[in-house]
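**Student:** These protein sequences, in sequence, are chains P and L.
Each residue of the first sequence is one higher than the one before, counting from 1 in our numbering.
Each residue of the second sequence is one higher than the one before, counting from 1 in our numbering.
By construction, these hints were calculated from the structure, which means they are not laboratory data.
Given the structure is predicted, the values throughout are model-derived calculations rather than measurements.
Think about it this way: if two alpha-carbon atoms lie no more than 30 Å apart in a straight line, the pair counts; the simulated DSBU-like pairs of lysine-lysine are:
1) P:Lys243 - L:Lys61
2) L:Lys139 - P:Lys243
3) L:Lys191 - L:Lys243
4) P:Lys243 - L:Lys90
5) P:Lys228 - P:Lys145
6) L:Lys324 - P:Lys145
7) L:Lys282 - L:Lys2
8) P:Lys224 - L:Lys139
9) L:Lys243 - L:Lys90
10) L:Lys324 - P:Lys10
11) L:Lys90 - L:Lys27
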Amino acid sequence: MSILVDKNTKVICQGITGKAGSFHAQQCLEYGTQVVAGVTPGKGGSLVGAIPVYDTVAEAVAATGADASMIYVPAPFALSAIREAVDSKVRLVVCITEGIPTLDMVRAVEYAAVNHTRIIGPNCPGIVTSGECKIGIMPGYIHQKGGVGVISRSGTLTYEAVWQITSCGLGQSTCIGIGGDPVIGTGFIELLDLFERDPRTEAVLLIGEIGGTREEEAAAYIQKNMKKKVAAFIAGATAPEGKRMGHAGAIISGSHGTAREKMEVLEEKGVQVIQNLSDIGNTLREFF
Amino acid sequence: MKIHEYQARELLRACQVPVSRGELVQKTADAASIFKALANPSCIAKVQVLTGGRGKAGGVKRVQTAEEAEKFVRRFLGADFSTYQSAGQKNMVRSVLIAEDIPIAKEFYLGVVLDRTVNTPVILFSKQGGIEIEEAAVKSPGSIEKIPFSPDDPPSAEKILSRIRRHFSDSDVPAQIAEIARLLARFFVDKDAAVCEINPLALTPQKKVLALDAKMVFDDNALFRRPEIRALKDPEEEDEREKKAGEFGLSYVSMDGNVGCLVNGAGLAMATMDMIQLAGGKPANFLDVGGGATVAQVREGFKIILQHAGVRSILVNIFGGIMKCDVIAQGVLEASREIRLSLPLVVRLEGTRVEEGRALLKNSDLKIISCQTIREAAAAAVQKAGDHQTSHVHPRR
Numbered sequence: 001m002s003i004l005v006d007k008n009t010k011v012i013c014q015g016i017t018g019k020a021g022s023f024h025a026q027q028c029l030e031y032g033t034q035v036v037a038g039v040t041p042g043k044g045g046s047l048v049g050a051i052p053v054y055d056t057v058a059e060a061v062a063a064t065g066a067d068a069s070m071i072y073v074p075a076p077f078a079l080s081a082i083r084e085a086v087d088s089k090v091r092l093v094v095c096i097t098e099g100i101p102t103l104d105m106v107r108a109v110e111y112a113a114v115n116h117t118r119i120i121g122p123n124c125p126g127i128v129t130s131g132e133c134k135i136g137i138m139p140g141y142i143h144q145k146g147g148v149g150v151i152s153r154s155g156t157l158t159y160e161a162v163w164q165i166t167s168c169g170l171g172q173s174t175c176i177g178i179g180g181d182p183v184i185g186t187g188f189i190e191l192l193d194l195f196e197r198d199p200r201t202e203a204v205l206l207i208g209e210i211g212g213t214r215e216e217e218a219a220a221y222i223q224k225n226m227k228k229k230v231a232a233f234i235a236g237a238t239a240p241e242g243k244r245m246g247h248a249g250a251i252i253s254g255s256h257g258t259a260r261e262k263m264e265v266l267e268e269k270g271v272q273v274i275q276n277l278s279d280i281g282n283t284l285r286e287f288f
Numbered sequence: 001m002k003i004h005e006y007q008a009r010e011l012l013r014a015c016q017v018p019v020s021r022g023e024l025v026q027k028t029a030d031a032a033s034i035f036k037a038l039a040n041p042s043c044i045a046k047v048q049v050l051t052g053g054r055g056k057a058g059g060v061k062r063v064q065t066a067e068e069a070e071k072f073v074r075r076f077l078g079a080d081f082s083t084y085q086s087a088g089q090k091n092m093v094r095s096v097l098i099a100e101d102i103p104i105a106k107e108f109y110l111g112v113v114l115d116r117t118v119n120t121p122v123i124l125f126s127k128q129g130g131i132e133i134e135e136a137a138v139k140s141p142g143s144i145e146k147i148p149f150s151p152d153d154p155p156s157a158e159k160i161l162s163r164i165r166r167h168f169s170d171s172d173v174p175a176q177i178a179e180i181a182r183l184l185a186r187f188f189v190d191k192d193a194a195v196c197e198i199n200p201l202a203l204t205p206q207k208k209v210l211a212l213d214a215k216m217v218f219d220d221n222a223l224f225r226r227p228e229i230r231a232l233k234d235p236e237e238e239d240e241r242e243k244k245a246g247e248f249g250l251s252y253v254s255m256d257g258n259v260g261c262l263v264n265g266a267g268l269a270m271a272t273m274d275m276i277q278l279a280g281g282k283p284a285n286f287l288d289v290g291g292g293a294t295v296a297q298v299r300e301g302f303k304i305i306l307q308h309a310g311v312r313s314i315l316v317n318i319f320g321g322i323m324k325c326d327v328i329a330q331g332v333l334e335a336s337r338e339i340r341l342s343l344p345l346v347v348r349l350e351g352t353r354v355e356e357g358r359a360l361l362k363n364s365d366l367k368i369i370s371c372q373t374i375r376e377a378a379a380a381a382v383q384k385a386g387d388h389q390t391s392h393v394h395p396r397r
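Isolated chain P (complex conformation) (with noise of 0.2 Å):
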């Protein structure tokens, strides 16, 4: 068991006769990933790599019974990206374009809800059952099957958490990045609920950073809804305020939305709060 995805998932990849579309999509089916077909309007009939390119996501789905898609196309059409799959009745779409418009995400999640789609992202490094399937940009080989579930904001601080965990002798059931964005598709609390239920997933850490308020609604379900162990990073302790650091939602506005706020709603609530970046994997080892 996992999360989200697994061996079973067939995924189609939207952008893929782009730069980084070719390229992860390759780098997907080579790691196992069921990559069935790509998506590029104009493409159709090509082949990247040996996977079939078609015009539109509904042909690409009908011909192949695809049920995730990744995206990589341009920020600006992203939206009309999202909502074609949606209409394709595709369960999850996993976004890893960056640079979207706001308001743009608020249109694509209000039009997944509707139609019950999940969207992963967008601005994320995407999501990996170890050993059975990658969808997005996650180098591969730091993955190793094991009971850690981890969910973050965000990109190589990820890897460098699933490396030190993978390194420590555990493993991971599912990472997910769920995107730096104001806006996104899945928060903390969704995956919390699915890994809790998850019988493969033994504890969960959560990688967090400065910005909005996730961490601490996050640390209050935690308290509340969950019996397995919850370790948590929390990223940008030195971050002044107003600053946009990278990430669009990695901003402090007044005095709202510090690591130091996070980290102690999040210890007050029960969640073994890691300080230091290097302890990751040693705090998890405790867990087991």
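Start from chain P and add chain L according to the hints.
**Tutor:** Below, chain L alone, put in the same frame as chain P:
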């Protein structure tokens, strides 16, 4: 992207929101005549900078005479200005707004912002104006009316009115506010704003509602389709280094420490800054070279870090995922040679082909300190920054 108050006022006026009259002063000589044209009998003079908290820092003042207006303008024009919200940065004042002094019977707050908890924009209205909305939320949460809406279906004035009417005994004032709120919500969507605030929204003794101040922030990701908003960007307000970084696809934020850092990925970059602090040092910057970290990006990153006079050592922390560590090591070496880097350089690589990458650094003729963990690397960079500092201190001190 932030814009100045005077720009935000013009945008409001253009979409039919009533705004108090005001004129921009960029030369001290113009202050007196502008005062005379607007005096009621006094005026409000306000420095135009992009940071909040101007009032508390003395940058907003009621001026009674033309001489007083001129004195205010002379004092601030061309001077550095900072507030409790500036985080140590100073901004030069290049213009002052002189606005008519409107008699106020009551002050409200009206804003449209993104509510991240429900993933939609929301109209916020409070009868407590003039103070920060966060403050009002704590002091009297019941006084804030929240009206969430879908971007493709902003609410009608009637709908807004039905939500705010209970706060008033008459019907004319809330109707005026509802209409302004409707206009503001449409503006928010039409221009891809992130924050639109009118604070205070004032009620005059003659029962007329109008905006006395405006704050607007726009979504950087949407500027590509809002050229008229992008044109309002004030290039003078940007940090030179932050601007330069943007040109190379790097994300840079200047800080006041002495350990420069260059990292791939925003989250890891923030975590690296935190590690520098945990090691007893202070980061000089945030610098994210993106997930890939090409030679050109590393080179430009180094150059930007070095423009910061306070930097005494540099810490490079790269997690090579798709990008292999040996390629990154090569890039770090090339960039260091090209710019003749003389500061102590600490490099921590992890990920694909890490052994090859570390070997390249070790065998180079450059004095690079290569560390295995981020803990060791942060400690080394902080120590080197301290050493370098001391060696530069004047001998007599």
